[in-house]
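S.K.: Mind docking chain B on chain A? Use the hints.
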Amino acid sequence: MSTSSTDLSAEERLVQAFEANEGQALNGAASLGEIRREAISRFSTLGLPGPKSEAYKYSPVTRALRHEYEVNVDAEPEHGVTESDVDDLLLPGLDAHIITLVNGRFDADLSRIGDLPDGVIARDFHGASAEHADLISEHFAQYADHRERVFVALNTAFTKDGAFVYVPNNTILEKPIHVLNVTSTDRDLFIQPRNLVIAEQSASATVIETDHTLTDSQTFTNAVTEIAVGANAHVDHYKVQAEGENASQVNNISAYQTRDSLFSTTTFTLSGRLVRNNLHITADAENCESRLYGLFMGRDEMHVDNSTLVDHTMPNCMSDELYKGILDDDATGVFNGKVFVHRDAQNIKAYQSNDNILLTNDADIYTKPELEIYADDVQCSHGATSGQLDEEAMFYLRSRGLSRSQAQSMLLVAFAGDIVDHVEVEPLREVLSETVTERFAETSEAATRWKA
Amino acid sequence: MALLEINDLHVSVEDSEILRGVDLTIDTGQTHAIMGPNGSGKSTLAKVLAGREEYEVDRGSVLFEGEDILGDEPDERAEKGIFLAFQYPVELPGVSMNNFLKESVNKVREARGEEPLGAADLLQQIREKAELVGLNADLTKRSVNEGFSGGEKKRNEIFQLAMLEPKLAIMDETDSGLDIDALRAVADGVNKLRTDDRGFMVITHYQRLLNYIVPDRVHVMIDGRIVRSGGKELAVELEDKGYEWVREDAAVAA
Numbered sequence: 001m002s003t004s005s006t007d008l009s010a011e012e013r014l015v016q017a018f019e020a021n022e023g024q025a026l027n028g029a030a031s032l033g034e035i036r037r038e039a040i041s042r043f044s045t046l047g048l049p050g051p052k053s054e055a056y057k058y059s060p061v062t063r064a065l066r067h068e069y070e071v072n073v074d075a076e077p078e079h080g081v082t083e084s085d086v087d088d089l090l091l092p093g094l095d096a097h098i099i100t101l102v103n104g105r106f107d108a109d110l111s112r113i114g115d116l117p118d119g120v121i122a123r124d125f126h127g128a129s130a131e132h133a134d135l136i137s138e139h140f141a142q143y144a145d146h147r148e149r150v151f152v153a154l155n156t157a158f159t160k161d162g163a164f165v166y167v168p169n170n171t172i173l174e175k176p177i178h179v180l181n182v183t184s185t186d187r188d189l190f191i192q193p194r195n196l197v198i199a200e201q202s203a204s205a206t207v208i209e210t211d212h213t214l215t216d217s218q219t220f221t222n223a224v225t226e227i228a229v230g231a232n233a234h235v236d237h238y239k240v241q242a243e244g245e246n247a248s249q250v251n252n253i254s255a256y257q258t259r260d261s262l263f264s265t266t267t268f269t270l271s272g273r274l275v276r277n278n279l280h281i282t283a284d285a286e287n288c289e290s291r292l293y294g295l296f297m298g299r300d301e302m303h304v305d306n307s308t309l310v311d312h313t314m315p316n317c318m319s320d321e322l323y324k325g326i327l328d329d330d331a332t333g334v335f336n337g338k339v340f341v342h343r344d345a346q347n348i349k350a351y352q353s354n355d356n357i358l359l360t361n362d363a364d365i366y367t368k369p370e371l372e373i374y375a376d377d378v379q380c381s382h383g384a385t386s387g388q389l390d391e392e393a394m395f396y397l398r399s400r401g402l403s404r405s406q407a408q409s410m411l412l413v414a415f416a417g418d419i420v421d422h423v424e425v426e427p428l429r430e431v432l433s434e435t436v437t438e439r440f441a442e443t444s445e446a447a448t449r450w451k452a
Numbered sequence: 453m454a455l456l457e458i459n460d461l462h463v464s465v466e467d468s469e470i471l472r473g474v475d476l477t478i479d480t481g482q483t484h485a486i487m488g489p490n491g492s493g494k495s496t497l498a499k500v501l502a503g504r505e506e507y508e509v510d511r512g513s514v515l516f517e518g519e520d521i522l523g524d525e526p527d528e529r530a531e532k533g534i535f536l537a538f539q540y541p542v543e544l545p546g547v548s549m550n551n552f553l554k555e556s557v558n559k560v561r562e563a564r565g566e567e568p569l570g571a572a573d574l575l576q577q578i579r580e581k582a583e584l585v586g587l588n589a590d591l592t593k594r595s596v597n598e599g600f601s602g603g604e605k606k607r608n609e610i611f612q613l614a615m616l617e618p619k620l621a622i623m624d625e626t627d628s629g630l631d632i633d634a635l636r637a638v639a640d641g642v643n644k645l646r647t648d649d650r651g652f653m654v655i656t657h658y659q660r661l662l663n664y665i666v667p668d669r670v671h672v673m674i675d676g677r678i679v680r681s682g683g684k685e686l687a688v689e690l691e692d693k694g695y696e697w698v699r700e701d702a703a704v705a706a
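For the record, the sequence lines run as chains A and B. The working numbering applies: residue 1 is where the first sequence begins, and numbers increase by one. The working numbering applies: residue 453 is where the second sequence begins, and numbers increase by one.
Bear in mind the hints are in silico, worked out from the structure with no lab data behind them. Please note: incorrect hints may appear among the correct ones.
Pair by pair, the computed Cβ-Cβ distance ranges are [said to hold, decoys possible]:
#1 A:L371 <-> B:E517: 56 to 64 angstroms
#2 A:Q379 <-> B:E505: 53 to 61 angstroms
#3 A:L389 <-> B:A454: 35 to 43 angstroms
Don't be surprised by glycine CBs; every beta carbon is placed ideally from N, CA and C.
Just chain A, same shape as in the assembly (with noise of 0.2 angstroms):
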């Protein structure tokens, strides 16, 4: 029987893929193998989220997957990406430890891993999954559930490579840990990083991730990030998109608190065709403090969709939630914010807002703001603000003699402002902030760092 392979479903192409890939090609440790079949049987079963997906409702990612993206499991060594590429994408000023992906796939020659402190491992996920076994089975897909999610299934199945960072007790990593997600290939790729973040008890770490593009052929990414916080642990987390508008995502992020600990995550989605980030949140232990602040501008024909669960699942915790949306052009935008309190997770603080501003009748955003509360001793805010840019505010300036162009571009700019505040790293901060400048500044001048 000779089937070809436009007569597939994209879910079936991907099973085929991974039965192809099953052996030589996705090697690992042993207990890797187990949970990689687990995961594409469920995959299988789960299938790509169909037209009545409540969760994707408003974002077509399925329909995505119908191109033919072809699945890579072996690094492309003519990947072309040049020490001097690297440089060009690396924010000035800042002191880190980098590790490139290229395409998903590790590369020695373009990382600079540099100097750790003891006991710190900061690496390839392929390589560490073979020498740090013991850490890979006790943390691997512990986090990220590959049972119920389609996505997380997927990349689970796959698992190649990625970055893998290990902070051991009482160890405060004083650098940035640096993943530089580079794109680069003459074909249509379907690119599956898998990364490990262990924070351990009293650790300190902060990990920055940063998506780029270099080439112009279609990529589709689904990427999944496992951050383990552990007790009293402090781990501050970026994840920064700037990818190509031929460049798709599907972004997992699944965040385990411990005891005492601190996790903030703040997620910038700059450019990009199709952005879906899926951040999960558990604070399984009392006394946890979870942030998570998000920026998204679309413009042109841009889809940037942002789904967060924050489950407080013990007593006396506190969530902070700040999303802020500008869209522009023909641009859509999508909020959808779940806060879930257990029944007995009480005194637990949570807010949770959502606020955009629209620059076109063409551009649209979805958002949804919901709380799920089975306690009944708790503080909760929820809240969702969308429209123009505030008229009043608009006369007032150009009153004191601004443009049209120049009173909006400092109304968004300190709109925006409200989420970059939030980076701790300072040259992160600055190389955002004058994106946001350049982005809204009457003429645009020539390319940013990160043009977006």
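M.R.: Chain B only, in chain A's frame:
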């Protein structure tokens, strides 16, 4: 040539006529007070002069230094030297006073053919003018009007007036809601800025302000028209007899 000359101005918003034929002339160096009951059209007049877009000018003209400005954008009017002190100054979270002043002062300077101010000169100007109008200089390090008290917001308007040095300053109910100390401070700031080459239009509901900012002329606006004009003693008479007196008078005259 008059600084400002308004002829037979008719203005409506959403099909309801608010100004019904306003005539008013202000010469440079003069301070004119416009008094009137709530809803008489005083604030509408202020906003129309500054270029607020939602108002429809149905008839009439507004000449500024002899030039019709009704087709100008709000920023073009600011560049020509018109300044509106807002009745309700807008809070702009995240917009720093410094940045705002830099852009606005330099825009207006450029229009006047002056060199833009550098950072150091601007800072010095800010210090001087803040002191002149009694604005706490710490406020200039914050976001525009954010978390300012009512009095601080009004004082910030006078401060911006001092920074921009307009030819015509329109004060829209700058006194309303202020306690007597804040009122004195604001009036004091305005008086320091009264010069021979600047005109003021002071809009107020209450006569009290005019004890501190003594006007050259007083106009009473009722139902979208100026129905009576006189010297500063008119304000006192109004205080005694109330707006009803002018209203009846106007009705008899009509």
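S.K.: Next step is simple, just say for each hint if it's right about the structure.
M.R.: Against the structure, the hints:
1. A:L371 <-> B:E517: 56 to 64 angstroms: holds (59 angstroms)
2. A:Q379 <-> B:E505: 53 to 61 angstroms: violated (42 angstroms)
3. A:L389 <-> B:A454: 35 to 43 angstroms: holds (36 angstroms)
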